[in-house]
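> Sequence:
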Amino acid sequence: MQLKTGRSTLTVNNVVRLKKGSNGTSAGATGSGVKDDKKKKAAAAGGPKDATANKPVAAKKRASPTMSQTSNGSRKASMDMLISCFKLLAQCTAFDAPEIGRLFVQLLSHCLEHSAHVPLLLEITKIVACMMAGAGESKTPDWFTVKDKALLLSKMATFDRLNEISAQPLLTEYHALILKLCRSSPSDPSLNVSGPFLVGLMSSESGIRGEFFTHFETHAGGASTSPTARLKYILHQDWQACGTRFWPVVAIELLLKSFASAKVVPSHTTPTFPPIASSESNVDHPQQPAWLTSHIQALDAWGRVTAGDVLRPLCELIHVDLDMANHLWSCLFPFAWANLHPDYMSPTQNLMRLLSMKYHRRELKLPQANAARHNVVQTFMAGIVNAQPMPIFTAELLLYLANTYNVWQQVLRICEYQALSPLTLVEDRERWADALDVIYQELNEPDWQVGLNVQVCQKPSTKAGLYLQAQGFVHEAQDIYFDTLAQTSKSVKIDATKFEMKVLEARWVGCVKHLCQWSLMNDFAKTTQNQELMLDCCWKRGDWGTAKQLLHASSIQAASEAGCPLIRLKKLYISILDGDKKPQVDSLVSQIVDLALHQWQGLPRVLSRAHVPLLHLFHQFIEAKESLQIMADIKVATQQHNLPNLKPSINTWRERLPNSYEPILMWDDILTWRSHMFAVVKGTFSWSDAQLLAGMHDVPWSILKLAHTARKQHLPDVCLHSLAQLYTIPAMDVQDAFSKLREQLSICFETSKDFDGGVAILNQTNLEYFDTRQKAELFRMKALFLDALGNTHDANAAFSQSLQLCESYGKGWLSWGQYCDKLFVERQDVAFAAQTIACYLQAVHHRSTFARLMLARVLWLLSLDNDKGVLIHAFETHGKQLPIWIWIVWIPQLLMSLCRPEASQIRGLLRGLSAKFPQALYYTMRAFFLENRELFAMDNKAADATSSHNRGLASAPPTPVASAHTPKHTTTSTTTSDMMYFRTRTGHVVAVPMSHEQIADIPGLVGASRSNPSFFGSATVLTLDVWLEKVATGELQKT
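Going letter by letter, the sequence shown gives residues 1 to 1039 in UniProt numbering.
I should point out that these hints are in silico values taken from the structure, not numbers from a laboratory. Watch out, some of these pointers could steer you wrong.
Straight-line distance between alpha carbons at most 25 Å, and here's what the computed DMTMM-like set of lysine to aspartate or glutamate pairs gives [to be verified]: (1) 155 - 173; (2) 822 - 876; (3) 635 - 580; (4) 149 - 211; (5) 180 - 238; (6) 365 - 321; (7) 941 - 978; (8) 880 - 826; (9) 463 - 427; (10) 868 - 829; (11) 126 - 99; (12) 232 - 323; (13) 635 - 586; (14) 498 - 523; (15) 180 - 113.
Between beta-carbon pairs, the in silico distance windows are [as the list claims (entries may be wrong)]: (16) 940 - 868: 35 to 45 Å; (17) 639 - 557: 55 to 65 Å; (18) 754 - 916: 45 to 55 Å; (19) 797 - 532: 56 to 66 Å; (20) 471 - 866: 39 to 49 Å; (21) 692 - 769: 14 to 24 Å; (22) 532 - 659: 21 to 31 Å; (23) 679 - 712: 25 to 35 Å; (24) 985 - 751: 31 to 41 Å.
Predicted model only: the values in this text are computed from it and were never measured. Note that the Cβ used here is the ideal one computed from N, Cα and C, for glycine as well.
Turn these sequences into a full structure, and let the hints guide you.
In structure tokens:
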């Protein structure tokens, strides 16, 4: 469990070797021992060093499962013999020549550095300990110098490569050696505060760790040192020797133990009752019960508790629970930092130096088992963001920390604090705003970026462009940015800040990219000598010669060395098209994967918009790898002089597309590379038949897909520019030609509002090549254009002709229904309502998905039927064709229709639902009846209350006022009990006598009846005769 949670003493090799098992470890150690034996013989002979002996490969090899038991025994015997040789050599206090002693030291150092055999290393460590321990007693040989001592200690520092559990005896012996050296030479700083000593501070043995910490605390100033002084010592210390261990636990323990000498102060100051007894009074009163004695002793024990008693177990826990350690640091650092104000600059410089050290990057290469733990920089930043006053950092350092160590949230808080602080100077505030802009861009948060730019920029035109671009008006925003830049460059006095000019230029470039204006972008890049933009333009336009030259430019090489995977991806594109050798391509592939995963590690852990650019990069990378297979198939087919089968790859690419809502630039990246690959196919097999060649590439479909997506995203310029590329294709499928024509008509209808132009295109189109469904679609669009021009008669004829050509075209029925519905709203003619119902039901019958949403409109139209039942007849005629499951989602509306004139037809639908889907109908009907029962009970209760009130008034003493109103209340009570009340479409309430038998024949009634008019609020109550008179005068026609 401790290994899984990532305790502070773990390293990369510990976790990896723990999974390998004991067999691999022992086999690797044996192999290393054999090579160590060979090294010993070579050293004794005075020959040159064996080059293969320096390679630690043998220590990592596993034993073969087929290896005989005799071979294992012989290797173990060899290692035992080697250990015995070392024991014998250690007994020699003097050699014939000093050179032999130095060879012995070299042999020891070689084994310490390269061997993984724990018993051998343990014996060598004991030998070295004996040699170093005799230095003070003059028992050390003359050939053993201080240089040899430092060499052996440096080789022992590599013990962290071993498995911590199996190497526990070795590490214990090694730490004991370091402790002896610290006691023997307490003034030696090389042993006490760096190197092996710091490793001992994080030993897995609590006793050894405590002894090391005692020495470390002494060098930090002793037990009486304040937390502030200890924090300064921590920031000044070099922690590089700790490797990948989580060394902040040592700093936390050092800060915690600065409070250990204090008494635990009660958290309250309110007066309390005097103690009933004490431990001393127990002698005078032996009659006290046992429970009271133990209670008094417990109280005395708690009274003697100090802060050290509380903090001591806490200091042990932080070495195991790193989440607790991270939380404690975020609490302790602000407390200690608050007292550093007099010496403000020096600790800040040390903190910046400590955070910028490159050895922190080693934690980023930890195995997956330790990936969930906090790294050192994350822990430090968690405390820094809570510190007051805020430490002073440079914006460049914070950007580096955010990108490298995934501390985006903490860096954002610091940058926002500096940008909004009134103490920040004007020029510094612009620098912090620039840093915030970069962070928002890296996190792919365009809304936050726009908000920041609006706050910082001063020119109204800049703000207007930002608002337009945020709302999707990219073309209009581009014009505003260009005009603002032109005015600023022509003016004598520049009234825009450097940050605002940078925003204007970056926003204009973003608009040009979003509109796919790569020719304009290429001219701008050449003018400004922006080599990265030139490289983007070159690969988009297919200028591969210039792209190869740009890869050798200084800025491109600098970006590539900085770890930009996009540069490697463009190199991969060029290598694929040039047909480079497989090792070179595989090298680029592995580099792209490593760099992309490294960038992914630096992003926030929660999946968000910040991950979208990398996901898009992975999409491009996958298609680049598939292009390698396509190029291989093309090469084989060319050698055999036949045509390759590229249909599987084309179908796969058709299915793998970006989301429809993603920026058009992502679509352009994917489809542009596909067009380059299809160009290779067309150029290689140009000798084949045109029809066969058209089936081997997907250029028209790719162009049409880009145009369709651009139109849906309201980018007509991009759509028209894409459609213009289709004119260069000599052979095109009929479906592609129809799609091209449809996109042109859609642009005229939706965006440019050129209705006359759309009708002209349709009148000039030859319809002989299209099938009936395509012809029906063209006539449907012609009807839409005619309707937009106000020619309703011709539009209706075009709809009719469209459905005569293809009666099963659901989209045509839907459009005709919407057209009739609009006419019904304008003219209030029931015939148009009947036609609307018929069209919508036919659209649902012919599987138009959107038409199902119009069933709610159909049910509402039924309530507007006239006395002849025209709408009900249309519903009954065309509704029989629909499957019964269509009405499942509309069961609540169907139940409410039972109280209206169309109840007879709705009742038939409900019977069908009860036969096929009884559960769906039962639960909805049950809720419907329960609700109505509650409402009926409320109505009866209100009616009873009214009747009681009226009876009370009738039995009161006769007074002039009461006698005048008594008949009225009596009449109301009688009327209420003999009447049913209905809501009408006009909002009135009609009182219908209960004796009325044909309630369904009363026009304009809506909903169920109620027994009391108070249910409808303050609506006007009309008698049945008054309501029929209003209906006769046309009251219903006004709605």
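> Now, for every hint given, state plainly whether the structure supports it.
Checked hints:
1. Between residue 155 and residue 173 the alpha-carbon distance is near 15 Å, which keeps this suggested pair within the 25 Å criterion.
2. Between the alpha carbons of residue 822 and residue 876 the distance comes to roughly 22 Å, so the proposed pair stays at or under 25 Å and holds.
3. Straight-line distance between C-alpha atoms of residue 635 and residue 580 comes to about 13 Å, which keeps the hinted pair within the 25 Å bound.
4. Using a Cα cut-off of 25 Å, the hinted pair residue 149 and residue 211 holds, with the two alpha carbons roughly 23 Å apart.
5. As the CA atoms of residue 180 and residue 238 are separated by approximately 23 Å, the hinted pair is consistent with the 25 Å bound.
6. A C-alpha spacing of about 21 Å is found between residue 365 and residue 321, which places the hinted pair at or below 25 Å, so the restraint holds.
7. Proximity of residue 941 to residue 978 is assessed by CA-CA distance (about 16 Å); at most 25 Å being required, the pair is judged to hold.
8. Pair hint residue 880 plus residue 826 does not hold up; C-alpha atoms about 29 Å apart against a cutoff of 25 Å.
9. Note on residue 463 and residue 427: the hinted pairing holds, with a Cα-Cα distance of about 21 Å set against a maximum of 25 Å.
10. The straight-line distance between the Cα atoms of residue 868 and residue 829 is roughly 13 Å, inside the 25 Å bound, and the hint therefore holds.
11. Between the alpha carbons of residue 126 and residue 99 the distance comes to roughly 23 Å, so the proposed pair stays at or under 25 Å and holds.
12. Among the hinted pairs, residue 232 with residue 323 is consistent with the structure: their alpha-carbon atoms are about 24 Å apart, no more than 25 Å.
13. As the CA atoms of residue 635 and residue 586 are separated by approximately 18 Å, the hinted pair is consistent with the 25 Å bound.
14. For the proposed pair residue 498 and residue 523, the alpha carbon gap of about 23 Å is at most 25 Å, so the pair holds.
15. Our distance criterion of 25 Å between C-alpha atoms is met by residue 180 and residue 113, whose separation comes to about 22 Å.
16. For the pair residue 940 and residue 868, the beta carbons lie near 38 Å from each other, so the given range of 35 to 45 Å is met.
17. Evaluation of the 55 to 65 Å hint for residue 639 and residue 557 yields a failure: the beta carbon distance comes to about 37 Å.
18. Between residue 754 and residue 916 the Cβ separation comes to about 50 Å, which falls inside the hinted range of 45 to 55 Å.
19. Roughly 58 Å separates the CB atoms of residue 797 and residue 532, a value that falls within the hinted 56 to 66 Å.
20. In this structure, residue 471 and residue 866 meet the distance hint of 39 to 49 Å, their C-beta atoms being roughly 46 Å apart.
21. Hint check: residue 692 to residue 769, Cβ distance near 20 Å, so the stated range 14 to 24 Å holds.
22. Taking 21 to 31 Å as the suggested C-beta distance range, the pair residue 532 and residue 659 conforms, at roughly 27 Å.
23. The given range of 25 to 35 Å is respected by residue 679 and residue 712, whose C-beta atoms sit roughly 27 Å from each other.
24. Under the hint 31 to 41 Å, the C-beta atoms of residue 985 and residue 751, about 40 Å apart, fit the expected range.
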